[in-house]
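Residue numbers (the UniProt record's numbering): 1 to 104.
Check before you lean on any hint, since a few could be wrong.
Claimed, not checked - In silico DMTMM-like cross-links for lysine to aspartate or glutamate, where the CA-CA straight-line distance does not exceed 25 Å:
#1 K64 to D3
#2 K31 to D89
#3 K94 to D35
#4 K64 to D89
To be verified - Using C-beta positions, here's what the derived DEER-type ranges look like:
#5 L69 to L33: 16 to 26 Å
#6 R91 to L53: 13 to 23 Å
#7 P5 to L33: 33 to 43 Å
#8 L33 to L93: 33 to 43 Å
Hints in this document: simulated from the structure, not taken from any laboratory. All C-beta atoms, glycine included, are put in the ideal place defined by N, C-alpha and C.
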Amino acid sequence: MLDTPLKWFRNIGFLEGWSYLLLLGLAMPLKYLADIPQFVTVIGAAHGALFVLYLSIALYVTVKYKWPLTRFIGATIAAMLPFGPFIYDARILKQYQIEVKESV
């Protein structure tokens, strides 16, 4: 299942994207509207760890596959936007499949 760095990158990207959406859509409203800050603490810590892991794997994949630096910068920007990792994943998957077909 997770036998290539690209698959790791994609899966961590999905987890990071969901953690960001949970932080913005669930934890933050609960903190500011219902005065329940515990969710921000838990989800925020998980999101922070996933964010660092996502960027680390993005850098590793960039070096391993000899991608241009713009792809790493794109992954970094995508991680900071809601739904960004999902959109970036689709774009990278499409580009990667094109590159694989051209090299065969």
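Right, here's what the structure says about each hint:
1. Taking the CA atoms of K64 and D3, the gap is near 14 Å; set against the 25 Å cutoff, the hint holds.
2. Using a Cα cut-off of 25 Å, the hinted pair K31 and D89 is violated, with the two alpha carbons roughly 30 Å apart.
3. Annotation: proposed proximity of K94 to D35 is violated, straight-line Cα distance about 43 Å (limit 25 Å).
4. For the hint linking K64 to D89, the alpha-carbon distance of about 17 Å falls within 25 Å, and the restraint holds.
5. A hinted range of 16 to 26 Å is violated for the C-beta pair L69 and L33, which are about 41 Å apart.
6. Between R91 and L53 the beta carbon distance is about 20 Å. The supplied range of 13 to 23 Å therefore holds.
7. Between P5 and L33 the CB atoms are about 40 Å apart, so this pair conforms to the stated range of 33 to 43 Å.
8. The hint said 33 to 43 Å for the Cβ distance between L33 and L93, and at roughly 37 Å that hint holds.
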